[in-house]
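Chains as they are written, first to last, in this note's numbering: chain A, 1 to 164; chain B, 1001 to 1577; chain C, 2001 to 2620.
Keep in mind that the hints were calculated from the coordinates and are not lab data. Heads up, some of the hints might be wrong.
What the hints assert, rightly or not - Here are some chain A residues pointing at chain B (derived, C-beta under 8 Å):
| no. | residue |
| --- | --- |
| 1 | Ser10 |
| 2 | Glu14 |
| 3 | Arg20 |
| 4 | Phe59 |
| 5 | Ser62 |
| 6 | Leu63 |
| 7 | Ala64 |
| 8 | Glu65 |
| 9 | Gly68 |
What you are looking at is a predicted structure, and each value in this text was computed from that prediction instead of being measured. The beta-carbon is built from N, C-alpha and C at its ideal position, and this holds for glycine as well.
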Amino acid sequence: MSKKCTVPFSGTKEQESELRSALSLLKNKEGALMEALQTAQGIYGYLPKEVQEIVAEEFGVSLAEVYGVATFYSQFSLMPKGKYKIGVCLGTACYVKGSGDVLAQVEKLLGVSAGEVTPDGRFSIDATRCIGCCGLAPVMTVNDDVYGRITADGVAAILAKYKD
Amino acid sequence: MVNLKINGIDVSVPEGSTILEAARAAGIRIPTLCYMKEINAIGACRICMVEVKGARSMVAACVYPVAEGMEVTTDSDKVIAARKTTLELILSDHNRSCLSCSRNLNCELQALSKEYGCDATRFSGAVTETEKDLSTDYLVRDNSKCILCRRCVAACKAQEVSVIGAVNRGFSTQIACAFGEDLAHSPCVACGQCINVCPTGALHEKEEIDDVKAALADPEKVVIVACAPAVRAGIGEEFGYPVGTNVEGKLVTALKRLGFDKVFDVNFAADMTIMEEATELIERIEEGGKLPLITSCSPGWIRYMEFYYPELIGNVSSCKSPQQMFGALVKTYYAEKNDIDPKNIFVVSIMPCVAKKFEKTRDYENASGYPDIDASLTTRELAKLIKEKGIMFNLLPDGQMDNPMGEFSGAGVIFGATGGVMEAALRTAVEKITGETIGKLDFTEVRGTAGIKEACYAVGGMNVKVAVASGLSNAKELCEKIKKGEADYQFVEIMCCPGGCVNGGGQPILDTYTRREVDYKALRAKALYDEDQAKTIRKSHENPVVKDIYEHYLGKPGSHKAHEILHTKYVKRKKYE
Amino acid sequence: MDVKKLEQIKARALKNMGPRAVETDYGKERTVLVCGGTGCTSGHSRKILEEFKRRVAEEKLDVKVIMTGCFGLCALGPIVVVYPEGAFYAQMTEDHVAEVVEEHLKKGNVVKHLLYKETVSEDGGIKPLGETNFYKKQHRVALRNCGRINPENIEEYIAFDGYKALAKALTEMSGEEVIGVIKASGLRGRGGAGFPTGLKWEFTKKAAGDKKFVACNADEGDPGAFMDRSVLEGDPHAVIEAMAIAAYAVGSDQGYVYVRAEYPIAVERLKIAIGQAREYGLLGKNILGTDFCFDIDIRLGAGAFVCGEETALMTSIEGKRGEPRPRPPFPANKGLFGKPTLLNNVETYANVAQIILNGADWFASMGTEKSKGTKVFALGGKIAHTGLVEVPMGTTLREIIYEIGGGIPDGKAFKAAQTGGPSGGCIPASLIDTKIDYDSLTAIGSMMGSGGLIVMNEDNCMVDIAKFFLEFTVDESCGKCTPCRIGTKRLLEMLTKVTEGKATEEDLDKMEELCHYIKANALCGLGQTAPNPVLSTLRYFRSEYEAHVKEKRCPAGVCKKLLRYEIDKEKCIGCTACARQCPVGAITGTLKNPHEIDQNKCIKCGACQEKCKFGAISKK
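Given these sequences and hints, build the entire structure.
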């Protein structure tokens, strides 16, 4: 149940002051907690405890409340993402065209499951909802690159493009 | 008024009423689980579903407003079947070790399951993965029994701390602290209000019964027990007495039969607290000390202040709480007088409180060199022990407290209700300041269950402005005022639990229906005020034992020795580590 | 900004738009439109756009290159349309740009081999797009500007009567009159349940309160649905204008658009559009010189399907866990921050300005008796033309699938269509002539939903499909109420038993009972409709369930646990290829002797079958 992050926090002073100044504007706006978390995730890439504490403190709410919001929405991440974020669309169109096999292949090749990061921090895998490229189904993404009409066999070639 | 029909019965209720309230008015009970009036009307558990003619699906009676001409059915086969399925689904994700559960036979889920003839195994499948949280000295959280009614979350939020909340979503939803941390690593104030509202055994105090039994069985130990004022007004409920019955006499007998060597009373220590605190107040007023002075009897409040308002540490009285003063005096004054090595004394306090379990482990709470208090049982734990020992509580004759520390004034008794400490302190402080005997002992302005009470008294040519708050949301309001310098009070009483100790987190658990129907805070408080009224000695400074202790042991209130034994220190606490 | 100025801008903008402005008489000016919808963007249409711009600049051609919103035919993306001919280039790549520039833009010769085949007539001429099967039966109201204007240029919106409806409302109509027109038009909410829009507006107007909000639900989360996204990407001002009209009608000065964060392009265009509207004095204080003030704030979702439910959406805008709350009170009385709130979805708003301009009768002349106007559908699944279509209500499923959608590819048979996403149901082939509107879909156990339309063929197992949707709901359940949190979970577990051949016939009855319980008892629309995919497949495909249960067989050959791969001893020559391919070592045999599959070890991955060159391995 516990969602402790195993990667040590390495936030910088600059990041903290960027966050605090963004929060000082947001906290007077009604109902802006989610926006605050989105901003924080934009700065740090994820929402570790240290960051959520800053948000809780600035907004004058309890950490449990912030954490409750952070764990409700699937886009908030308590773990850092890989350098290359792989997304395999499991939306209906992709699913009926075999994206489940694609995901299985990605997991097999990288040795980690959806929602995880490879130990070297290079790749993270996410099973995503429909990303709206149903015409290209099945679809997988690596960061901003979209690969459509792929097969499980084609996965290795795609991953090979992200060597460094 | 709105007119509607429930199960064919005509009923008129005020506009804005819910179907649940209208049904009550018509003499029809609709079961509830998640609902708590005002603080948790979320329509989540779906046990209160009823049919409304013309509505698309069934509706939750606890939140559905009545409308003119509405026709409601609460007892159709469809409704009953739905409630049964809801319960069976809950049971399918519930740790059903009911026989060994702390809430066996006092569990709302169990009672409803029986009422609806549920088949606990009709649905089966994955169960939520949970871990027991045993991290604190005072409270156990067992999510395997949690039904996600969120009453605890509402209670925690009402106390303005919100250390627990819903996390994750869907089937993975759980009630937890941030980042799944244990409670010991959260700014929980230990009030235990969550326990009192939990319908099942997911929350309970960390029991110390075994420690007490071991001490009682140890021939080396002199085992001394004392009850807090609110215990006598609550424990009767565990034995079938109506809410608000004072069972002090039977309680004393029961404790003696349990084998305690001495049965004293924390009320005595409450009188001591007044002596010290009134002195501190007068000193601060006369010498221009930090005002307002804020009471320190409630360990939940103290913990809250240390976490959330450490800037007020200087305002809080340095007096130990009555529990701690009691233990400290037993292991110093009483030990000396009776020539007992404090090492061999085991002091048990019976408390309406779970925070007391934490308080006894604080630093600076060991006047004799040994912990002032060795074990602190809740009212509920004592009842359990009495039952286990086969003591037929209801048939017991009234007993007498032992001397000397079983002697107390009416002022000590009312500590258990919000405003009681204030009133007790005023009785003493006014006489001390004016040097005159006051005629009217009842300071009714500070009585009652209102969240915040204010009053102003003319005392010897000056105006003493006081405020009383119970429940941390009210405490927060006062703290904010004080912090901002907007308050001109001289003396403030703060109790952590709404209504004061009579509604403490260690008191007997009332089911949600009783909590709604009965003004239990006021009734329990009345039992204490009645006892005060009947007492001949109603002022702490007139308690002969108190006088004797100052005369022969401590010197005068506020003396160096008194400070060593009866005063403590506070620390600023970090919310998260 | 005032009405007169708006007209001046319109005149100027129309002129600038050249051939796109007057469809019957394409001007002379050559214009290249590149689709900038999410589908085409994923196909790198931005690079195509840049490439066109680069070459046009390099060659100093007098050609405008413009990015537009979605054309609808996503299956053929990236799409490029060149005016004045209206040549529709499909599946473009960067490499094709040179040829189009060289041949078409410079010499005026349409590059026929790159055109969408249907637009090339038998005699070799170009057919107008409107005459192709895909577009012929469509009627574009909500999507009218998509693929026509540059969504990042407010003047192009104004050119096509943009903000004219707002001007009309503010200067010629009272709030009541606006509501009257919307009511009379028969417009119903396009987000799901189809509540009459005008009534909603009226309730909000009549609600007591000094502060009111107007909100737009752009949290389109149904898997396979992208109607709202396309509108926001292709015509964001249509939504802004409609929200302003709504705000004027109900008496609000603050709007919120709640958009999925998964729609970055839509968010970006919306931001640009709001900025431009403010700049042009069409949002903000004293709009069009009147007393009316209104502004819009964007709030981003963060990945929770349930936030498409109106009360959850508002809780989410308030920055909390997006858990629905009981109704009543309805948002019209007590919505955002406890204030009366009008909430409509994107497509609903996209119709509003047209209704105000053309009148209620015009709108009501389209559609069926109780469902007026048009509806946008996102076609997906086993269909040739995956993409976005807008048809009058009452169009049959057959027309959509076979005429507009181009039918089922690979000669496979149509089996079912799923509408309404996880809240909807599966419509069997026997009901393919159903006229689609709110009530007919509800009557056959599905629902309109937001407009996702997923087509399934003979290779799809309906139990598996029901399970897929239920998995989605279980995953997206907020966890607040018992029926949804535990009920759907138990339902999914039972369904899984069916797909694994472990269920009994009693289980099917128990499932059905649980479905009805969840429908009647769940707190919000998500939970109440969660059993629909199961109920509708049980209703129309019960025999398929029974095959799983009684015969332990998946007729479509999808449910892995029920599959069995076998080697035909007659055909197997013992080449060992399959044994080497098998990831779990389930195949044994010696060289040149028939091999065998250990069924206990086999994980049914099918790798052996693909490897076998002799057709010796079959799936049973």
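message: Check the structure against each numbered hint from earlier and tell me which ones fail, lowest number first.
response: 1, 2, 3 and 4
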